[in-house]
Amino acid sequence: KAGVTQTPRYLIKTRGQQVTLSCSPISGHRSVSWYQQTPGQGLQFLFEYFSETQRNKGNFPGRFSGRQFSNSRSEMNVSTLELGDSALYLCASSSDSLYYGYTFGSGTRLTVV
Amino acid sequence: AQSVSQHNHHVILSEAASLELGCNYSYGGTVNLFWYVQYPGQHLQLLLKYFSGDPLVKGIKGFEAEFIKSKFSFNLRKPSVQWSDTAEYFCAVNKRSGGGADGLTFGKGTHLIIQP
Numbered sequence: 005k006a007g008v009t010q011t012p013r014y015l016i017k018t019r020g021q022q023v024t025l026s027c028s029p030i031s032g033h034r035s036v037s038w039y040q041q042t043p044g045q046g047l048q049f050l051f052e053y054f055s056e057t058q059r060n061k062g063n064f065p066g067r068f069s070g071r072q073f074s075n076s077r078s079e080m081n082v083s084t085l086e087l088g089d090s091a092l093y094l095c096a097s098s099s100d101s102l103y104y105g106y107t108f109g110s111g112t113r114l115t116v117v
Numbered sequence: 002a003q004s005v006s007q008h009n010h011h012v013i014l015s016e017a018a019s020l021e022l023g024c025n026y027s028y029g030g031t032v033n034l035f036w037y038v039q040y041p042g043q044h045l046q047l048l049l050k051y052f053s054g055d056p057l058v059k060g061i062k063g064f065e066a067e068f069i070k071s072k073f074s075f076n077l078r079k080p081s082v083q084w085s086d087t088a089e090y091f092c093a094v095n096k097r098s099g100g101g102a103d104g105l106t107f108g109k110g111t112h113l114i115i116q117p
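Same order as they appear, the protein sequences are chains A and B.
Oh and the first sequence: position 57 is 61 in our numbering, straight run, nothing missing.
Oh and the second sequence: position 86 is 87 in our numbering, straight run, nothing missing.
Note that these hints are calculated values from the structure, not bench results.
Any given hint might turn out to be false.
Away from chain A, derived, C-beta distances all over 12 Å, residues of chain B [said to hold, decoys possible]:
1) HIS8
2) ILE13
3) PHE35
4) ASP55
5) PHE73
6) GLN83
7) THR106
Derived SDA-like pairs: lysine to any residue, alpha-carbon spacing no greater than 25 Å straight-line [unchecked claim]:
8) LYS96(B) <-> ILE30(A)
9) LYS70(B) <-> HIS44(B)
10) LYS109(B) <-> ALA6(A)
Since this is a predicted model, take the numbers as computed values, not measurements.
The C-beta atom is built at its ideal place from N, Cα and C for all residues, glycine as well.
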């Protein structure tokens with residue numbers, strides 16, 4: 005069974021630009037959630053999508069947005085990038101029952117210069 | 002807002018020593034509890050989880066955790082650690098809601114180093 009796939013693995017962007025990250029969940033998983041990991045703040049919840057609807061949202065500014073497609077693939081967008089947005093962005097998918105918990109991808113390392 | 006506290010940020014043990022990593026959360030409702038491990042250069046992997054039932058949960062690689070509701074704790078244990086257990090360990094919690102569960106709230110992590 006293929007795992008959670010995140011693309012790209014690495015990104016370098018300039019302040020003020022926008023970026024889109026992609027996540028393909030495990031087949032059959034309808035829930036996709038996104039997290040930001042930084043050395044200072046640790047792992048923080050961004051948002052969760054379930055069947056194309058945002059079900060939960062963390063405490064991040066509106067520059068962070070996402071969407072989910074009918075095949076459960078999800079994208080996360082960050083507009084007007086700031087230096088502080090440099091982080092590892094992780095995506096996790098889960099089944100409806102959460103039987104196997106949340107399965108995480110390897111992440112996208114975003115560097116803003 | 003709920004929070005998760007991991008007591009030790011860095012732990013150094015010798016091989017064969019016993020391990021206990023503390024985790025406390027602050028939320029009074031019904032929660033799901035998780036321990037994740039992140040080996041160097043690898044992605045987060047689920048060690049074990051607790052939703053309900055027997056408060057002593059067994060996970061992979063010989064790890065177990067005990068949920069003590071009165072103490073809001075979910076401590077991770079392993080009777081005898083190995084060098085390959087060197088990793089970052091995260092405790093995480095989410096609260097159950099009608100539509101499923103909220104996003105995970107993670108602790109800051111414990112960096113475990115096992116010396117041969």
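Hints, verified against the model:
1. HIS8: 15 Å, holds
2. ILE13: At about 20 Å from chain A, ILE13(B) clears the 12 Å cut-off, so the statement holds.
3. PHE35: 6 Å, violated
4. ASP55: 16 Å, holds
5. PHE73: With a cut-off of 12 Å, PHE73(B) remains clear of chain A, as the shortest Cβ separation is near 19 Å.
6. GLN83: Nearest chain A Cβ is 23 Å from GLN83(B), so the label holds.
7. THR106: It is violated; THR106(B) is separated from chain A by about 7 Å at its closest Cβ, not greater than 12 Å.
8. LYS96(B) <-> ILE30(A): This hinted pair holds, its Cα atoms lying about 23 Å apart.
9. LYS70(B) <-> HIS44(B): Status violated; Cα separation ~29 Å.
10. LYS109(B) <-> ALA6(A): 29 Å, violated
Checked against the numbered hints listed earlier, the structure breaks hints 3, 7, 9, 10; every other hint is satisfied.
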